[in-house]
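Protein chains: 2
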Amino acid sequence: MAVPPARADGAPARRRRGPYAKSAERRQAIVNAAFEVFATRGFRSGSFREVAERVGMSQTSLLHYFPSKEELLIAVLASRDGVEPVLDPDVLSGLAPDDERIPAVRFADLITTQARANQEVPGVIQLYAVLSGEGVTDDHPGRAYFTERFAGLRADYAADLERLRDLGLLRKGVDPAVAAATIVALWDGIQLQWLYDADAVDMSRALRDYLALILPTSPH
Amino acid sequence: MAVPPARADGAPARRRRGPYAKSAERRQAIVNAAFEVFATRGFRSGSFREVAERVGMSQTSLLHYFPSKEELLIAVLASRDGVEPVLDPDVLSGLAPDDERIPAVRFADLITTQARANQEVPGVIQLYAVLSGEGVTDDHPGRAYFTERFAGLRADYAADLERLRDLGLLRKGVDPAVAAATIVALWDGIQLQWLYDADAVDMSRALRDYLALILPTSPH
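Each protein sequence line maps, in turn, to chains A and B. Taking my numbering as reference, the numbering of the first sequence is continuous, increasing by one, and the terminal residue is 220. Taking my numbering as reference, the numbering of the second sequence is continuous, increasing by one, and the terminal residue is 220.
Incorrect hints may appear among the rest.
[Claimed, not checked] Below, simulated SDA-like cross-link-like pairs (lysine to any residue); rule was C-alpha separation at most 25 Å, straight line:
| # | chain 1 | residue 1 | chain 2 | residue 2 |
| --- | --- | --- | --- | --- |
| 1 | A | Lys69 | B | Arg143 |
| 2 | B | Lys69 | A | Arg143 |
| 3 | A | Lys172 | B | Asp175 |
| 4 | B | Lys172 | A | Arg205 |
| 5 | A | Lys172 | B | Thr112 |
| 6 | A | Lys69 | B | Thr137 |
| 7 | B | Lys69 | A | Asp139 |
| 8 | A | Lys172 | A | Leu110 |
| 9 | B | Lys172 | A | Asp109 |
| 10 | A | Lys22 | A | Ala52 |
[What the hints assert, rightly or not] Examples of chain B residues toward chain A, derived with CB under 10 Å:
| # | residue |
| --- | --- |
| 11 | Ile125 |
| 12 | Ala129 |
| 13 | Gly135 |
| 14 | Asp138 |
| 15 | Asp139 |
| 16 | Ala151 |
| 17 | Gly173 |
| 18 | Val178 |
| 19 | Leu186 |
| 20 | Gln191 |
| 21 | Leu192 |
| 22 | Leu195 |
| 23 | Asp197 |
| 24 | Ala206 |
| 25 | Tyr210 |
[Claimed, not checked] Computed from the model, here is a short list of chain B residues facing chain A with C-beta under 10 Å:
| # | residue |
| --- | --- |
| 26 | Gln126 |
| 27 | Thr137 |
| 28 | Arg143 |
| 29 | Phe146 |
| 30 | Ala179 |
| 31 | Ala181 |
| 32 | Met203 |
Since the hints were made in silico from the structure, they are not lab data. Here a beta-carbon is modelled for each residue, glycine too, at the ideal position from N, C-alpha and C.
Bound-form chain A, shown alone:
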């Protein structure tokens, strides 16, 4: 997802200040505060009260925006979906500007860079693991979010892999839709193992090795 547009002086673009915009800003402030509280204190011990205090709001007002802790936690996760990682500037350094492998290298680098970035926010990854597990139950407030998130990720990666296939960069016989679901699955699963034993698994290595298998021209 795109980041908000910025002006030349680096300040955020001016937004319409109607009631909706104000409410959206307040909502974003709550999500930011919740991220800080849950990332530092853990999401089990972090409380609504702390989040409310941090944004200078009563708990009753906070409940107007987020009726349950689960819904606030899911909003924290959803806000992370829009964050694009900073790509490694060196990743293309060995390639000519017109090297035909560049799209495959960029695709693989975006994923492995994001996986490395996730290691810096273990509280968020833990939150993701717990909620995505709990969300499979029928009545969980996160069920719709995760169902849509998975469908969206699969569609995005499948479209990327179809483009790479059309450029002749996808290994012959690899199905873009299956590989898209596999990337998402491998990523979730290796993060889960990492949360249980961080020293035992190398998240970005596992992803890089799989991507090297399906995009064999990549130098990874």
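Given the coordinates of chain A, assemble chain B onto it according to the supplied hints.
Relative to the frame of chain A, chain B by itself:
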């Protein structure tokens, strides 16, 4: 894991009937009853009371064996770890008895057959997803179980893949330890997506395609 030895007449082998054996049998009866209750009623609505009734035991006695619902649920999952799937008898039908690819075909078939079998017990898979997600939190009774389970699975698959590498059946450049963690991760992750939208993903296809990439001589 091995199944209990059976006598020629099909009855289970005779066991020593000491107090420990009796206690272990009672424990197993509870786990079996809990499996039935949680698989049919769902593990949120299935209760200790129902499990106790089914084994003709008071709830207090049941708490002696399993002090919390989580511990009982984890015992249900652990009991499933020992179940080996029935292998497809046709999987080797196209191969000569001395075909050198047989160990790779068997390895891949064991995994994809188990994945298909899991689709028949969605309640157990849901239970696994919820508990393995919750278990990442420090104080969860499942943390030790899942940490050991993941380490054991990675070690087992890595040993299998090293043997396949020594037989020349593993793709050159594939690291057995990384591939072992990847199989477990992909499996967990694709099951999670399947729980959210069973029509959108094909679990055994995703596993089969990955195994075909790392074991390229496999006819899959």
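Which numbered hints fail:
Violated hints: none at all, because every hint is consistent with the structure.
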